[in-house]
Amino acid sequence: MDFQVVVLAGGTSKELVPLVSKEVPKPLLPVANRPVLSYVLEQLELSNLKDLIVVVEGEDAALRVGGWISGAYVDRLHVEVAAVPEDVGTAGALRAIARHLTAKDILVVSGDLVSDVPPGAVAAAHRRHDAVVTSMICSTPVSGPVESGSVGAKDKIKKPRRFNIIGLDPTKQFLLYIASGAEVEKDLHIPKSILRAVGQMDIQADLMDAHMYAFKRAVLLEVLEQKQNFHSLRHDVLPYLVKTQLKSEILLNGTPQAEENGHDKVTSESNQTIISQILANASTPRFHEVYESIHNGSPTVQRTHKCCAYIASNSKYCARLNSIQAFSDINRDVIGEANHLSGYSFSVHNNIIHPSSELGSKTTVGPHCMLGEGSLMGDKCSVKRSVIGRHCRIGSNVKIVNSVVMDHVTLGDGSSIQGSIVCSNVQIQERVVLKDCQIGAGFVVSAGSEHKGESLTRKEK
Amino acid sequence: MDARRGSLPVPRVRQVGFFTPNAQPAPTRSQSGPPDSSSPPLSDSPASNSLSPVMIPPPRHHSDNLAAAPRPTSPLPVPEPSPFRRRGADNNNALLVGSYNPAETLLAMSPSSSHVGDGESEETMSGGWFRRSNSGKLASSLPSGTFDFSPVQSTAEALKPNKVQNPVGISVLNNTILAEVSARPAPKEQQPEAPSSSKQPKPKLTKAERRALQESQRAAKAAAKAVAAPEEVATIKSVKQHQTQKKDAPQVAVSVAASERKGGDKSQEKERRKDAPAPRMQFDDKSRVEKAKRRSVVDQTEAKKRVELFRHLPQYEHGTQLADLESKFLQLDPMHPAIYKVGLQYLAGDISGGNARCIAMLQAFQQVVKDYSTPPEKTLPRDLTAKISSYVSFFTQCRPLSMSMGNAIRFLKNRIAKLSPSLSESESKSSICTDIDRFINEKIVLADRVIVQHASSKVKDGDVLLVYGSSCVVEMVLLHSHELGKQFRVIVVDSRPKLEGKALLRRLVAKGVHCTYTHINAVSYVMHEVTKVFLGASSVLSNGTVYSRVGTACVAMVAHAFRVPVIICCEAYKFHERVQLDSICSNELGDPDAIGKVPGRMDVNYLNDVSNSGNLQLLNLMYDATPADYVSMIVTDYGMIPPTSVPVIVREYRRDHLLI
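Chains as they are written, first to last, in the UniProt record's numbering: chain W, 1 to 461; chain R, 1 to 660.
These are computed hints drawn from the structure, not numbers from a lab. Worth double-checking, as some hints may not be accurate.
[Stated by the list, open to error] Examples of chain W residues lying across from chain R (beta carbon under 8 Å, computed):
(1) D2
(2) R34
(3) L77
(4) A121
(5) A125
(6) L279
(7) G343
(8) V433
(9) V444
Quick caveat, the model's predicted, so the values are computed rather than measured. Note that the Cβ used here is the ideal one computed from N, Cα and C, for glycine as well.
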C-alpha cells in the first residue's frame with residue numbers, strides 16, 4: 001500500500017523512572033508480561049505492515065531492543081532497528097533516518113501505544129482526503145484505578161492529566177487546532193482565516209493525540225529540513241502544519257503535477273485542467289477548496305493542505321504508556337477490560353495462571369489477574385487485579401492488590417502490596433507494607449518496613 | 001443463429017412491489033400496443049432494438065393484457081412475459097385467443113417479411129434493423145410462449161419433456177404471475193431449459209410440422225454465417241405456413257428457435273456474452289445475496305427496515321461501512337491502493353457525478369495497469385481482465401456503478417482482450433494506458449466540448465434557463481454561454497438531501513452569472529418565466545428514457561406541462577442499450593437517514609422518535625427515469641438529436657465506443 005512505518009520506540013524515558021533502567025528501556029517494559037513494544041508490532045503485523053523501522057534512543061537500548069525483536073519476530077517481521085542519540089526528540093529521530101524513507105506516505109507510530117485501532121484506518125483516512133498529515137485521536141483513557149479511590153488523589157496532583165486541546169471542523173474530519181494542555185496557558189491562538197473558512201469549530205479537551213500519524217513523506221521531510229529547530233512531532237511539526245494549512249508554505253502538488261503533464265504528450269494541458277475541474281467540482285467541497293477558490297484565483301497553485309484527524313471510536317482501546325500512572329492503568333486494562341489485546345486466553349475465572357506456576361493451599365487468585373510462568377506462591381495468599389511476572393517467589397499470607405510485580409521478585413511472608421509497581425529482581429522481606437509505591441529494579445525492602453506513595457530505587461554506584 | 005439468443009433464455013419472472021396474486025395492478029405509464037396488427041412497430045422498438053440481453057421486457061404489456069384480454073381457454077393463470085406475444089394477443093383477441101399466432105404478430109412488427117416468397121431479398125435489405133429487433137423479441141418471448149397460449153393439454157405436453165432437464169424452472173414460471181420482468185437475463189441455471197424444449201415436440205410431430213422443422217433447420221444452417229435475422233424471419237415464415245394446421249404450433253416454433261440456437265455461431269455467441277454486462281444482482285434473491293456476501297470485501301449489514309418495493313436493490317446500513325472498510329485498508333493485500341482510495345471516496349460520497357466517478361475509476365485503473373506485472377505462467381489479457389473484474393466488484397460494493405461506468409469498463413476490457421499477443425508486456429501496458437487516456441479525452445472531455453458548443457448555440461439573449469441539481473456539462477454550457485457574452489438568467493433548482501445545486505450556484509455566481517436559487521417544491525412556480533430547461537443525465541436509455549438524479553423527471557414533467565423545451569446534455573458514452581420504463585427495477589438507494597436530517601442542524605430531528613417504529617420506512621431514491629415524451633432534445637457529442645434517435649446512436653456508434 002506504499003506506506004512505510006516508523007516506530008518511535010523511545011529510550012530510557014525520564015518520566016518512567018524508576019521503572020525503566022539501563023537493562024529495561026521503555027520499549028521493553030512489560031505490560032502483562034510482554035514488552036510494550038510488542039503491542040504495536042503485533043498491531044502492525046495484523047495490518048500487513050511487515051517492513052518496519054524501529055527508532056530507539058541510545059545505542060545500548062537499541063541493542064537490547066534489537067536483540068529482543070530479532071528473537072521474537074525473526075521470521076515474522078522485517079525490522080530495522082535504528083539508534084539515535086538521546087534527547088533528539090521525535091522530529092530529530094525522523095531527521096536522522098530521513099534517507100531511509102522512500103515510500104509516498106510515512107506512518108509514524110509511537111512505540112508506547114497500546115491500542116487495537118487498526119493503523120489501516122488512519123492510513124485510509126489519510127489517503128481518502130489526500131491529506132498532508134493525519135493524526136489518530138482517541139478519547140482520553142480513564143486514569144487511575146476504577147474502584148479503589150484510595151490511590152490517585154496524590155498522583156493526580158503530582159501529574160496533571162495530559163489534556164490535548166483539539167479543534168475539529170463540524171464533520172470531525174479535519175484538524176483545525178491542536179495543542180497539549182500543558183502548553184496552553186489561558187488563550188488559544190487560532191488563525192482567523194481558518195475560523196472564517198470553516199465557520200464552525202469544535203474544541204474538545206477530552207480527546208488525546210494517540211501519536212500515530214500518517215505523513216506525506218515529501219512534506220514531512222521538507223518541514224524537517226526547513227525548520228531545524230523543530231524538536232518534537234507533536235509539539236512542533238503537527239501544530240505547525242495545522243496552523244499553516246490555509247497558507248501553506250510547502251509546495252505540495254505544484255511540482256509532481258507538472259511532471260505528469262510533461263510525460264503525457266497526448267493529453268493537452270487544457271484537457272488535463274478540464275479533467276481536474278470535473279473531478280474537483282464533483283467532490284463535495286471542503287473548506288480548503290472553498291477558501292482556495294475565494295482567495296486564490298488560479299487553481300493550479302495550491303496554497304492549502306489538509307490536516308486530517310481519524311477519531312477512534314470509543315469502543316476501541318487506546319492508551320499511551322507515558323507515565324507511571326499510565327503504566328499501571330494499562331496493565332490493569334490489558335488483563336481486565338481490554339484483555340483481547342493481551343493475546344492470552346483467559347480462564348473461566350477471567351485470569352491467567354501459567355500451568356508451571358504453583359499455588360499454595362488456600363491461596364486465591366481473583367479475576368483480572370495474571371501469574372507468569374514458574375512463579376511460586378505460598379499458602380493463604382490473595383491476589384487481586386494484579387500482574388505477577390515470571391519466576392517470582394511469594395511467601396505465605398501475602399496480599400497483592402492492584403499491583404504489578406515483574407520477574408524474579410521475592411516477596412517475604414505476610415507482606416501486603418497495594419497499588420504498587422515492583423520491578424524485576426526486587427527482594428521484599430517479611431511483613432512489608434507497600435502502598436502506591438514504585439520499587440526500582442534490584443532494590444531490597446527491609447523487613448517490617450512500611451511505605452506509602454514512595455519511589456524506592458537502588459543507589460547507583 | 002443469433003448468438004444473442006444463447007444469453008437470453010426464459011425471462012425471469014419476479015414479483016415486485018405492490019403485488020397481489022390475483023389482481024394485477026395496471027401500470028400507470030403504459031404504452032399500449034399498436035392498435036392494429038399491421039401498424040409498424042412503435043412501442044416494441046425500444047425493447048427489441050436493444051442489443052443487450054439486459055433488457056426489460058416491458059411489464060406494461062402483461063398487465064395490459066391481463067386487464068384487457070381475459071382468456072377463457074386458459075384456465076391456468078399463466079405468466080406472460082413476452083411483450084410481443086402479448087401484444088399479439090391484444091390485437092388478435094377476437095380471432096384466436098388460445099391459439100398461437102406468431103407469424104401474424106411478428107408480421108405486424110416486421111412488414112417486410114410478410115411476403116413469403118421474396119422474404120430473402122427484403123431481409124437482406126433491412127437486415128440491420130431486423131436482426132436486432134426480431135432476435136430480441138423472439139428470444140425473450142418464445143420459451144414462455146409455450147406456456148402462454150397453448151391450451152392446457154399442450155402446456156402439459158410442453159411440461160413433460162422438460163422434466164428431464166429442469167422441471168423446477170417451469171413450475172416456477174407457472175406459479176409466479178408476473179408483475180414485472182427482471183432487468184437482467186435469467187440466471188444461467190435456467191438456460192438448459194430452453195434447449196431442452198427442442199426435444200419436446202418430436203414424438204408428436206405431424207408431417208407438416210416436421211417439414212416445418214426441417215425447413216427451418218435448413219434455413220438456420222444456411223443463415224448461420226449470415227446475419228441472424230433473416231433466418232428467424234424464415235422460421236416464422238415456415239411456421240406461418242403451418243400454423244393453421246395444429247394448435248401446438250408454438251411448440252414447433254420453440255423447437256425451431258431452439259434448433260437455430262444450437263446451430264448458432266459459437267464464436268459470435270462467445271463474443272456477445274463477453275460484451276454483455278454481467279447480470280444485475282437481485283437482492284431479493286436470498287441465496288445469491290448470501291453468496292455475494294461471502295465474497296464481498298465490504299462488510300455490509302443489511303438494513304433492518306427495507307422498503308418492500310425496492311427489495312431487489314441493495315439496501316444496506318449506512319454509516320458503518322466506511323469505518324469498516326477504512327480499518328481494512330492495509331489488510332486487503334490484492335487491492336491496489338489507487339483502487340482502494342477511489343472506492344473509499346465512492347463510499348464516503350467524496351466523489352459523485354457520473355463523469356467524475358468514471359474518470360476517477362479510469363485513472364485508478366490506469367494506475368493499476370502501470371503498476372501491473374504479469375505473474376508467471378499467466379497471460380496479461382486474461383489476468384488483467386480478471387483483476388479488473390475483481391476491482392469492479394469492489395467498486396460495486398462501495399457504490400453501485402452507473403451505466404456510464406459500465407460502458408467504460410466494457411470498453412477497457414474489450415481493449416485488453418483485443419491486445420495483440422505479439423506485444424511485449426510494457427508495450428501492452430502503455431497501449432492500455434493510452435487507450436484509457438483516449439477514452440477520457442475523447443469520450444468525456446472532447447464530448448463535453450462539443451456538447452457545450454451545441455448547447456450554447458441554443459442559449460439566446462434574454463433567456464431564463466432552469467437547471468436542476470449539479471451537472472458538470474450543464475455547468476460548462478452555462479459558463480461558456482456566459483463567456484460568449486450572452487445575456488441570460490439561470491434558475492438553479494435544488495433538492496434535499498444532497499443540495500448539490502449549492503455548489504453549482506456558488507461557482508456560477510462567482511463567475512458573475514445572474515442566478516436564482518430555489519428548491520424543487522417551487523418548480524411549478526418558477527416555470528412560468530423559464531424559457532429553456534437544461535438537464536444533465538446519468539444515462540440515456542435506448543427508448544429515450546433519461547435516467548438521472550431523482551427529481552429530474554419532475555422538473556421535466558413540469559416543463560413539459562408549461563411547454564418549455566427540455567434539453568438534456570449527455571455524452572454519448574452514457575447511452576445504454578437497456579430499456580427502462582420506470583425507476584423501480586433499477587435504481588440506487590441512498591442513506592435513508594439522510595432525508596430525515598438537516599445537515600448542521602442537530603435540533604431538526606422530527607423523525608427521530610418515529611424512525612424506530614416498524615410502520616415507517618424511509619426511502620431515499622437516487623435516480624429516476626424521465627420518459628422520452630418530456631424530452632425535447634438531447635445534446636450529445638454526435639449532435640442534437642431527438643430522444644427517439646438514441647437507439648440509432650447506440651447501434652451505429654456502439655462499435656466505436658468499444659474500439660474508439
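Cross-check of the supplied hints:
1. D2: At about 6 Å, which falls below the 8 Å cut-off, the nearest Cβ of chain R leaves the hint on D2 of chain W intact, so it holds.
2. R34: Result: violated, 22 Å to nearest chain R Cβ.
3. L77: At about 14 Å, which exceeds the 8 Å cut-off, the nearest Cβ of chain R leaves the hint on L77 of chain W violated.
4. A121: It holds, given that the least Cβ distance between A121 of chain W and chain R is near 4 Å, below 8 Å.
5. A125: holds (6 Å)
6. L279: holds (5 Å)
7. G343: G343 of chain W check fails; min Cβ-Cβ to chain R is 18 Å, beyond 8 Å.
8. V433: violated (47 Å)
9. V444: violated (48 Å)
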